[in-house]
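K.L.:
Sequence:
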Amino acid sequence: MFKQKYSIFAIFVASILSIYPQISQAESFTSDEFLTWNRQNQGFYFRTSIGMAGLIAGFNDKEQGHCIDRWYFNDTANAEAKLLDAMRRFPSYHPRGVIVAVLQKVCGKLRYRAD
Numbered sequence: 000m001f002k003q004k005y006s007i008f009a010i011f012v013a014s015i016l017s018i019y020p021q022i023s024q025a026e027s028f029t030s031d032e033f034l035t036w037n038r039q040n041q042g043f044y045f046r047t048s049i050g051m052a053g054l055i056a057g058f059n060d061k062e063q064g065h066c067i068d069r070w071y072f073n074d075t076a077n078a079e080a081k082l083l084d085a086m087r088r089f090p091s092y093h094p095r096g097v098i099v100a101v102l103q104k105v106c107g108k109l110r111y112r113a114d
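In numbering that gives the first Met the number 0, the protein residues as written are 0 to 114.
No incorrect hints appear here.
Derived BS3-like pairs: lysine-lysine, alpha-carbon spacing no greater than 27 Å straight-line: (1) 108 - 61; (2) 81 - 104; (3) 81 - 61.
Note that these hints are calculated values from the structure, not bench results.
Given these sequences and hints, build the entire structure.
P.N.:
What follows is the structure, given as structure tokens:
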């Protein structure tokens, strides 16, 4: 049920990003810029990115998908604090790259399998 709700949410966000590709494809977007956003917008970005990462990881490795979901959604405040700290340490990296690096540190390498 949890994954179904986030699947619909992720599809909605993906459709928005496809309408405005400059948002998702901007090469100059950095963690430093992300840190200037208000906390509500940062939280939305985190929920969307991590929700999608957990969903995709779960297709490949159910336990890893659960690990990502548990890590973020069971203690959102602590998870976001760790993500923001990592972004402060790596301000020139894209926020998605920092998020993936933190998720891999917590739940292991994100690998895809061929079907």
